[in-house]
Amino acid sequence: MPAAAAGLFIIDFVFRPFAKILEKWPMVMLLLVLLLYTIIGYIVVKSVYFSPDQQKPY
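Quick note on this note's numbering: the sequence shown kicks off at 34 and runs consecutively.
Worth flagging that the hints you see were computed from the coordinates, not collected in a lab.
Don't be surprised by glycine CBs; every beta carbon is placed ideally from N, CA and C.
Watch out, some of these pointers could steer you wrong.
With beta-carbon atoms standing in for the labels, derived distance ranges [said to hold, decoys possible]:
| # | residue 1 | residue 2 | range |
| --- | --- | --- | --- |
| 1 | K57 | F83 | 38 to 48 Å |
| 2 | P35 | K57 | 29 to 39 Å |
| 3 | V66 | A36 | 18 to 28 Å |
| 4 | D45 | V78 | 16 to 26 Å |
| 5 | P50 | T71 | 20 to 30 Å |
| 6 | M62 | A38 | 19 to 29 Å |
| 7 | V81 | I44 | 17 to 27 Å |
| 8 | G74 | F42 | 14 to 24 Å |
| 9 | V81 | K57 | 31 to 41 Å |
| 10 | Y82 | E56 | 29 to 39 Å |
Assemble the whole structure, with the sequences as input and the hints as a guide.
Written out as C-alpha cells, the structure is:
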C-alpha cells in the first residue's frame with residue numbers, strides 16, 4: 034500500500050470513532066480536519082524544501 038494511502042487509512046481509522054460525536058458540530062469537525070491536513074502539509078513541504086544539511090544564512 035503506498036504511503037499516502039496508508040496515511041489516509043490511518044487518519045480515517047483514528048477519526049472514525051469521533052465522527053458520530055462530531056457530526057453534531059460540523060464546523061468543529063471541518064476545523065479539526067483542516068488543522069490536521071495543514072500540519073501534514075507543513076511537514077511534507079518542510080521535508081521536501083528544507084533539507085537538514087542546509088546552510089544557515091548567519
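We went through each hint and held it up to the structure:
1. K57 <-> F83: 38 to 48 Å: holds, 40 Å
2. P35 <-> K57: 29 to 39 Å: holds, 34 Å
3. V66 <-> A36: 18 to 28 Å: holds, 20 Å
4. D45 <-> V78: 16 to 26 Å: holds, 22 Å
5. P50 <-> T71: 20 to 30 Å: Once the Cβ atoms are compared, 22 Å apart, the range 20 to 30 Å for T71 and P50 holds.
6. M62 <-> A38: 19 to 29 Å: Holds: the Cβ-Cβ distance is about 22 Å, inside 19 to 29 Å.
7. V81 <-> I44: 17 to 27 Å: holds, 20 Å
8. G74 <-> F42: 14 to 24 Å: Given a distance of about 18 Å, which is inside 14 to 24 Å, the answer is holds.
9. V81 <-> K57: 31 to 41 Å: holds, 38 Å
10. Y82 <-> E56: 29 to 39 Å: holds, 37 Å
Every hint, counting from the list given before, is met by this structure.
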